[in-house]
Amino acid sequence: MSRIQPQVSGLSSEFFDGCNEGVLRLQHCKSCRAIQFYPRVFCKVCSGRNLDWVNASGKGNVASFTVVRKALTEGYKVPYIVALIDLKEGPRMMSNIVNCESELVTVGVGVRVVFSAWSDTLSLPVFELSNER
Amino acid sequence: MISLRGKVALVGAADSQVGIVPGLDANELCADAILLSLSDAGIDKDQVDGLITCNSMSKPMLYHAEAMAEYLQIFPRYCFAAGAGGGTTFSILHHAASAIVTGMADIIVIAMADCLRSGLSREQSLLAQSSTGHPQFEQPYGPTVPAYYALIAQAHMAKFGTLPEHFAEIAVACRAHAVKNKNAQMRDPITVEDVLNSRMIADPLHLLDCSLVSDGGAAIVMTSAERAVDFPHPPVYLLGVGEGHNHEHISQAKSLTTSAALESSKQAYAMAGLGPKDMQFAQLYDCFTPTVLLELEDLGFCKKGEGGPFISSVGIGPDGSLPVNTHGGLLSHCHPGNPGSMFALTESIWQLRHSAGKRQVINAHVGLLHAQGGIMSSHTTLILGRDAS
Chain A
18 MSRIQPQVSG
28 LSSEFFDGCN
38 EGVLRLQHCK
48 SCRAIQFYPR
58 VFCKVCSGRN
68 LDWVNASGKG
78 NVASFTVVRK
88 ALTEGYKVPY
98 IVALIDLKEG
108 PRMMSNIVNC
118 ESELVTVGVG
128 VRVVFSAWSD
138 TLSLPVFELS
148 NER
Chain B
251 MISLRGKVAL
261 VGAADSQVGI
271 VPGLDANELC
281 ADAILLSLSD
291 AGIDKDQVDG
301 LITCNSMSKP
311 MLYHAEAMAE
321 YLQIFPRYCF
331 AAGAGGGTTF
341 SILHHAASAI
351 VTGMADIIVI
361 AMADCLRSGL
371 SREQSLLAQS
381 STGHPQFEQP
391 YGPTVPAYYA
401 LIAQAHMAKF
411 GTLPEHFAEI
421 AVACRAHAVK
431 NKNAQMRDPI
441 TVEDVLNSRM
451 IADPLHLLDC
461 SLVSDGGAAI
471 VMTSAERAVD
481 FPHPPVYLLG
491 VGEGHNHEHI
501 SQAKSLTTSA
511 ALESSKQAYA
521 MAGLGPKDMQ
531 FAQLYDCFTP
541 TVLLELEDLG
551 FCKKGEGGPF
561 ISSVGIGPDG
571 SLPVNTHGGL
581 LSHCHPGNPG
591 SMFALTESIW
601 QLRHSAGKRQ
611 VINAHVGLLH
621 AQGGIMSSHT
631 TLILGRDAS
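Protein chains in written order, with this note's numbering: chain A, 18 to 150; chain B, 251 to 639.
In isolation and in its complexed conformation, chain A is listed as follows (with noise of 0.2 Å):
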C-alpha cells in the first residue's frame, strides 16, 4: 500500500516539479517581496495578484513535531516523524524528518531538505537534522 499522494494541478505543479528536479520552490510576491507557502492564486500579505517563484535554501527550524506510533494508513511504517517545519525563508511547512533517531528531535533544532520519492512520478521534500541552529 502505498502514502498519500498529493493531487498536482494548477497552481501547485510549480512546486512539485521543482520537488522533482530536487529545489524547493516558494512562490513570491513580486509586489511586496513576500513569500508564502502553499501557492495561491494571490498574496496574503499585500493581496497582490503578480506572483512568481523562488528558489529555498532548503533549510530550517523545527517549530515543533510528534513521533506517530499508530500508522494513518499500511502504507506509512511507524514510527514516523511529522513535524512542522519554519523555513528559512519564513512560511512554515508540514513534513518528515527522516534519517535520524528520534530522540535527537528537539523543538528549535536545524533541519535541511531532502527529496524523498513518493511514487514513481513524484518526489515530497522532507527533512534530515542539520548542524546549524
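Don't take each hint at face value.
Some chain A residues well away from chain B (every beta-carbon gap over 10 Å; in silico) [claimed, not checked]:
id : residue
1  : Asn37
2  : Ser64
3  : Lys76
4  : Arg86
5  : Asn116
Take a look, some chain B residues computed to stay more than 12 Å from chain A by CB distance [stated by the list, open to error]:
id : residue
6  : Glu278
7  : Met311
8  : Ala332
9  : Glu373
10 : Asp444
11 : Leu506
12 : Lys527
13 : Ser562
14 : Gly565
15 : Ala606
Using 16 Å as the maximum straight-line C-alpha spacing, the simulated EDC-like pairs for lysine to aspartate or glutamate come out as follows [to be verified]:
id : chain 1 : residue 1 : chain 2 : residue 2
16 : A       : Lys76     : A       : Glu145
17 : B       : Lys295    : B       : Asp356
18 : B       : Lys504    : A       : Glu145
19 : A       : Lys76     : A       : Glu118
20 : A       : Lys87     : B       : Glu373
21 : B       : Lys295    : B       : Asp275
Derived from the structure by calculation, the hints contain no laboratory data. Heads up, the beta-carbon is just placed ideally off N, CA and C, and yes, glycines get one too.
Using the hints provided, position chain B relative to the given structure of chain A.
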C-alpha cells in the same frame, strides 16, 4: 449589532444511547434523539418549523437536514445542514439564535448523530477524521488526528514547560466525572500513572490522552425567551456567544499555542456581561487532553502558559473549584465525531435545570461551553444561564 443576550432559550434536550450502539445507523440515531428531545420539550413534531443538522461520516446524505426532515415527516420553513467539525454544535446554535430573533423560525431543533464505532471500520474512521489535513501539503506526510494535536502539545511543552502529567490530570478528571454518569462509555476510575503508562500514540499523547471512538446522537429544542416559559422544564437561556475562525490547516495557524478561543470568548463574555470567575462549571472541547489546557488559558481561566499548574492547583474534577466536562467529555462520556459537543450542551441544560442527579454542580446558575473544530481551527464559546437577566 443586536445582542442575543437572554433572547432565546433551550427548552428540550435529549441524548440517544451512546457508546457502542449497533443496530441503528447514524440517521436513525439522529431521528431517535430528535423524538426524545421533542418529548422532553413536551411538543409535537408538527410544531417544529426549523431544523439544523450536521452530516455524519458513517452514513452521509447529500442534503442531510432535508433528508432528516423528510424521514421525520416535518416540513420546516428553516432547514440546513452545517459542518465545522467539532465546532459545529455551538456555531449552529449561534445561527439558530439569530434565526429565532429575526423570525425565520419559532421552534428550532438542532440534532446530530454519527456511528464512528459501529458504522465504520477502525481504518475508515481514522482516515475520515484525518482528512481534515491539507490534501496536497499535509496528508501525504501521514499525520493522524492525534499527531495534529501532538504538534500543539509539543509546542506548548517546549514554550511553557508543560508536562505530560498535566495533560494526564485532564483525562483523570474527565473520567472522575464519567464515573458518576451511568450513560458514559468509560466509567472505571483512572490515575495519572494509568494515563502515562498507556500506549504512546503520537508523542506526547498516550492512548488515554485521546478521546473515545463512539456511536451516539443528541438533539436540543430552542425557542424565544417569551415562548420558553410555556414549556414543561425551566428554560436555559443563552447569555453570550462568540466565534473565532483562524485557519483550517494547523501548518497555517498563526500560533500553535494560542487559539481563536481568545476572540470567541471575548465576544461571549462581553455579550453576557460576565467573566470566567462567574462560571460554576465549564464544558471544554476535549478531543485530546491538550485542547482543554489551551482552552483554559485562552478562555481566561488562567494566564497563558499556566494551564498545567492551574489544573493541578484549582482542580477540574467533581471536587475541583472549576468542574470541567461534568458528563465525562469526549475523553470518557462518548465521542461520535462532529456531534461531540452536543453532549456538552445537553449536559449543561440538565446542570442549569438542576436535574443532573449525582453529577449536579451545587448552585449552578451560569456555565461556559466551548467547542473547536478542525485542528484548533473554528471556535465558538457559549455562556448559558438559569436566568434570562
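Here is how each hint holds up against the structure:
With 10 Å as the threshold on Cβ separation, the claim that Asn37 of chain A sits away from chain B holds: the shortest Cβ distance comes to roughly 14 Å. Distance check on Ser64 of chain A: its Cβ is at least 17 Å (rounded) from any Cβ of chain B, clearing the 10 Å threshold; non-interface status holds. Non-interface call for Lys76 of chain A relative to chain B: holds, since the shortest CB-CB distance, roughly 18 Å, exceeds 10 Å. For Arg86 of chain A, the requirement that its beta carbon stay farther than 10 Å from each beta carbon of chain B is not met, with the minimum near 5 Å.
The claim that Asn116 of chain A lies off the interface holds: its Cβ sits roughly 15 Å from the closest Cβ of chain B, which is beyond the 10 Å cut-off. With a least CB separation of 30 Å from chain A, Glu278 of chain B remains clear of the 12 Å interface cut-off, as annotated. Consistency note on Met311 of chain B: stated as away from chain A, and its beta-carbon is indeed over 12 Å from all of that chain's, at 26 Å minimum. Here Ala332 of chain B stays apart from chain A, with its beta-carbon at least about 26 Å from theirs, past the 12 Å limit.
In this structure Glu373 of chain B is not separated from chain A by more than 12 Å, as the shortest Cβ-Cβ distance comes to only about 7 Å. The beta carbon of Asp444 of chain B is kept farther than 12 Å from every beta carbon of chain A, the shortest such distance being approximately 18 Å. The claim that Leu506 of chain B lies off the interface is violated: its Cβ sits roughly 6 Å from the closest Cβ of chain A, which falls inside the 12 Å cut-off. For Lys527 of chain B, the condition that its CB be more than 12 Å from all CB atoms of chain A holds, with the nearest at approximately 32 Å.
Every C-beta of chain A lies more than 12 Å from that of Ser562 of chain B, the closest at about 23 Å, which supports listing it as non-interface. Interface exclusion of Gly565 of chain B from chain A stands, the closest Cβ pair being 29 Å apart, more than 12 Å. At the 12 Å boundary, the C-beta of Ala606 of chain B stays outside the reach of chain A, the nearest C-beta of that chain being 35 Å off. Of the pairs offered as hints, the one joining Lys76 of chain A and Glu145 of chain A holds, with about 10 Å between alpha carbons and a cut-off of 16 Å not exceeded.
For the given pair, Lys295 of chain B sits about 13 Å from Asp356 of chain B by alpha-carbon distance, which is consistent with the 16 Å threshold. A hinted pair counts as satisfied when its Cα atoms are at most 16 Å apart, and Lys504 of chain B with Glu145 of chain A does not qualify at roughly 25 Å. Among the hinted pairs, Lys76 of chain A with Glu118 of chain A is inconsistent with the structure: their alpha-carbon atoms are about 19 Å apart, more than 16 Å. With a CA separation close to 11 Å, the supplied pair Lys87 of chain A and Glu373 of chain B stays within the 16 Å bound.
Proposed proximity of Lys295 of chain B and Asp275 of chain B is contradicted: the alpha carbons are some 21 Å apart, above 16 Å.
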